[in-house]
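Full structure from sequences and hints, please.
Letter by letter, the chains look like this.
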Amino acid sequence: RKEVEQDPGPFNVPEGATVAFNCTYSNSASQSFFWYRQDCRKEPKLLMSVYSSGNEDGRFTAQLNRASQYISLLIRDSKLSDSATYLCVVWGQGAQKLVFGQGTRLTINP
Amino acid sequence: ETGVTQSPTHLIKTRGQQVTLRCSSQSGHNTVSWYQQALGQGPQFIFQYYREEENGRGNFPPRFSGLQFPNYSSELNVNALELDDSALYLCASSPIRDRFIRMQYFGPGTRLTVL
Chain A
1 RKEVEQDPGP
11 FNVPEGATVA
21 FNCTYSNSAS
31 QSFFWYRQDC
41 RKEPKLLMSV
51 YSSGNEDGRF
61 TAQLNRASQY
71 ISLLIRDSKL
81 SDSATYLCVV
91 WGQGAQKLVF
101 GQGTRLTINP
Chain B
1 ETGVTQSPTH
11 LIKTRGQQVT
21 LRCSSQSGHN
31 TVSWYQQALG
41 QGPQFIFQYY
51 REEENGRGNF
61 PPRFSGLQFP
71 NYSSELNVNA
81 LELDDSALYL
91 CASSPIRDRF
101 IRMQYFGPGT
111 RLTVL
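First to last, the sequence lines map onto chains A and B.
Oh and the first sequence: position 69 is 69 in my numbering, straight run, nothing missing.
Oh and the second sequence: position 85 is 85 in my numbering, straight run, nothing missing.
No wet-lab data here; the hints were simulated from the structure.
Hints should not be assumed to be uniformly reliable.
To be verified - To list a few chain B residues with every Cβ distance to chain A over 12 Å, as calculated:
id, residue
1, T20
2, S27
3, E52
4, S65
5, N71
6, L81
7, L83
8, V114
9, L115
As the list claims (entries may be wrong) - Derived DEER-like restraints, expressed as beta-carbon distance ranges:
id, chain 1, residue 1, chain 2, residue 2, range
10, A, Q31, B, R51, 19 to 29 Å
11, A, N55, B, T14, 14 to 24 Å
12, B, T14, A, K2, 26 to 36 Å
Unchecked claim - Under the rule of at most 30 Å between Cα atoms (straight-line distance), these lysine-lysine pairs were calculated in the DSS-like manner:
id, chain 1, residue 1, chain 2, residue 2
13, A, K2, A, K42
14, B, K13, A, K45
15, B, K13, A, K79
Beta carbons: idealized from backbone N, C-alpha and C, even for Gly.
Quick look at the structure:
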């Protein structure tokens with residue numbers, strides 16, 4: 001079983017739609033959680049951290065459910081510029097490393 | 001931009017050759033991590049360097065090795081290249097090393113193609 005699993009998509013949604021991504025992680029001792037965004041042939045960039053209480057940054061809302069080991073990202077009023085691959089990332093216990101999911105590819109259509 | 005730089009941006013090698021990739025960390029960052037990202041996959045942790053020593057390693061064979069220099073820049077060396085080593089190699093730097101280090105800032109990557 002992969003340490004971090006997410007639906008690879010692709011997701012194709014119209015501009016203005018709301019889209020949700022989900023992710024599960026296997027290590028219950030994981031400490032920190034993130035969503036990264038990666039544009040085609042570019043490096044991953046931190047989109048937002050994810051906290052147990054849930055957190056929001058403009059049109060983006062992230063949620064963490066430690067009991068279910070589940071992370072989500074909600075994008076409201078999607079824009080063409082939101083088209084990218086979204087990576088679910090967990091700070092792994094032990095070695096000082098980020099553990100990435102496979103990524104979910106999102107395309108926003110005009 | 002994160003301030004993390006990598007060179008070269010692209011590289012083509014043949015099987016069996018050796019390659020060295022370079023990374024300059026962001027100013028004030030003393031920890032460098034290397035990741036391999038194959039096409040269509042998320043990045044996978046190779047190893048991390050702190051104070052010029054390897055500090056944690058992922059599931060990569062010994063032909064993947066590295067160095068960190070006193071100025072915190074780093075090199076990734078891969079010997080006996082295989083076709084499956086074709087990938088984007090990402091370097092990420094972090095400001096401090098502790099158990100809860102979180103923020104890693106990625107460079108633009110080096111795209112390696114092995115023919």
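Right, here's what the structure says about each hint:
1. T20: The claim stands: T20 (chain B) keeps its Cβ more than 12 Å from every Cβ of chain A (closest is about 20 Å).
2. S27: S27 (chain B) clear of chain A: closest Cβ-Cβ about 18 Å, beyond 12 Å.
3. E52: Since the minimum Cβ distance to chain A is about 15 Å, E52 (chain B) lies beyond 12 Å and the statement holds.
4. S65: holds (16 Å)
5. N71: Label holds. Min Cβ-Cβ 20 Å, cutoff 12 Å.
6. L81: Correct as stated: the minimum Cβ-Cβ distance to chain A is 21 Å, above 12 Å.
7. L83: holds (20 Å)
8. V114: holds (18 Å)
9. L115: holds (19 Å)
10. A:Q31 with B:R51: 19 to 29 Å: holds (22 Å)
11. A:N55 with B:T14: 14 to 24 Å: At 48 Å between Cβs, range violated.
12. B:T14 with A:K2: 26 to 36 Å: Holds, at about 32 Å.
13. A:K2 with A:K42: Distance ~24 Å between K2 (chain A) and K42 (chain A) Cα, so the pair holds.
14. B:K13 with A:K45: Roughly 28 Å between the alpha carbons, so the hint for K13 (chain B) and K45 (chain A) holds.
15. B:K13 with A:K79: violated (39 Å)
In this structure, the earlier hints numbered 11, 15 are contradicted, and the remaining ones agree with it.
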